[in-house]
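Given only the sequences and the hints, what does the whole structure look like? Please build it.
Taken in order, these protein sequences are the chains called A and B. Going by numbering that gives the first Met the number 0, the first residue of the first sequence is number 0, and it counts up by one from there. Going by numbering that gives the first Met the number 0, the first residue of the second sequence is number 0, and it counts up by one from there.
Each hint should be verified, as a subset may be incorrect.
To be verified - Here are some of the chain A residues that sit facing chain B, going by a computed Cβ distance under 7 Å:
#1 Glu155
#2 Met162
#3 Val165
#4 Thr222
As the list claims (entries may be wrong) - To spell it out: a stretch of chain B is covered by chain A in this simulated footprint if at least three of its residues, at any positions, have a beta carbon under 8 Å from a beta carbon of chain A; those stretches are:
#5 68–77
#6 179–189
#7 232–241
It is worth saying that the hints were derived from the structure and are not from the lab. All C-beta atoms, glycine included, are put in the ideal place defined by N, C-alpha and C.
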Amino acid sequence: MDYILSIVILACINMIAVLGLSIFTGFTGLFSLGHAAFVGVGAYTSAILTYYYSVPFPLALAAGAAAAGAVSLVIGIPTLRAKLRSDYFAIAILGFGEALRVILENLEITNGARGLPGIDSFTTLPVVLLCLAAGVLVARNFLRSRWGVACIAIREDPIAAEMAGVRLFQTRLLSLVVSAVYCGLSGGLLAHFLSFIQPVMFTLLQSTQLLAAVIAGGMGSITGPLIASFVFIALPEALRVAQMWRLVAYGLLLVLIMVYRPQGLMGYSELSSLWRRKVPEPGRRQP
Amino acid sequence: MNVSTGKFFSARDLTKHFDGIRAVDSFSFDVAEGSITGIIGPNGAGKTTVFNVVTGIYRPTSGKVLFRGENITGLRPDRVVRKGIARTFQNIRLFNRRSCLDNVITPLFQRERCSFTGSLLGTPGARRLERDLYERAFELLRALGLERFASMQASNLPYGLQRKLEIARALATEPTLLLLDEPAAGMNPEETRSLANLIAEVREKFRVTILLIEHHMDLVMNICSPIVVMNFGTLLARGTPDEVRSNPDVVAAYLGKGKDRR
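In structure tokens form, the structure reads like this:
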């Protein structure tokens, strides 16, 4: 039972990070191979605060999220101002993420590559569920707001978006900061669940897994990436009996999704639209 | 609407070079408030480049763009939009995977001042604003006869209606000058005629001045006055439709010079 509970908690923590990346990649149309670094910043900031300074857990979580958001400005301002194309941006942030990990490995306060053991385990299922629910709600509101609408317009056509009055640089930067804050929150929860963190937990591999969940779950969808992220965490665990084949199965699933549903599980749609009454399209009859 | 003669919009010695290619070369022209001004010229004359420079998508190599007494040269596109210039594109650029309503609400939203935290929390005020904007967006769609397609994804619209939706989205920025880049491209003569009516109607209803690039001569000759003719990035002629039609330089640019006329 404890085992299943811990998998559910881990999956929910991962879902929060994926939710953030979905705003940035799925809705703003920019790819990132470095978001695990923001998870790391959140994890270390909040862990150091509770570990060395006995800061209350909720405050430490918020500080971790804020720190991740602030760090994202460092890479976001120069690269997004230069209007790098999406693929170049992904590479730039990859380098930034790896550099950040190297810094974590060499600082004294992070205890270097050996990692930080003995963090209080404050993260319980209710805490995680509360954070996830709030995260989904805020993401939905954000995407309906002036800024979210602007993000989606940029994904669809940056030039047309600018001619609709969208501030390109500011909107992309805001989207990056929002996604980093989600990742930072996820990191804080992770640190206080595992009670041990290490810089190698926040590498390119983790960034790739976040991005894979967004792509396989579907661009421009909140629910799709959430489902994909849950499956990607739960499936390798459920397949533990199959030993070494479980990672093959994971890879195979990813390939199958991309071949048979290139738009992802829920590309550009939400779970709720499945049972919502289909709006008749009067224009279909004749224009 | 009265056509006033004051300096509403003027481009002065506008020049845009792309690595030695002079796309636009010291080109000057004015647009009078309330007019429907046409820009014509052979393919590659630099017409769309002029639009791109005016709207800030390109920075001019030299020259000035003056709009309602302000120098707007080299401003970012979103700034130009806020000054009151909107445009459509030669190769339609819609927010394809969004509904028609969402296409129009995007510029409406950008004109509003919203509280960031209020929006994130989904306060009643934020919801009310959203509802109001959807209503205004719907009204705009209705004005262009698109209300039946409100919830349809933009990319599923027939071609002619996509052009109308682009005009609706441009009008949502509440412009005083509307730039239309080949609005009749790909339309048959009947559709072109109804577009001419629509453009005249839009000018009246939304009190906008219109500057349009077009290859359909019947459309240009019917609704535009004055007409500016471009060739190789420079001004070839300007005048009323009749003046332009009978200008030998214009005829030569379009049809080429006969040997006997040299």
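Results for each hint:
no. : hint    : in the structure
1   : Glu155  : holds (4 Å)
2   : Met162  : holds (6 Å)
3   : Val165  : holds (6 Å)
4   : Thr222  : violated (17 Å)
5   : 68–77   : holds (count 3)
6   : 179–189 : violated (count 0)
7   : 232–241 : violated (count 0)
When held up to the earlier numbered hints, the structure conflicts with 4, 6, 7 and fits the remainder.
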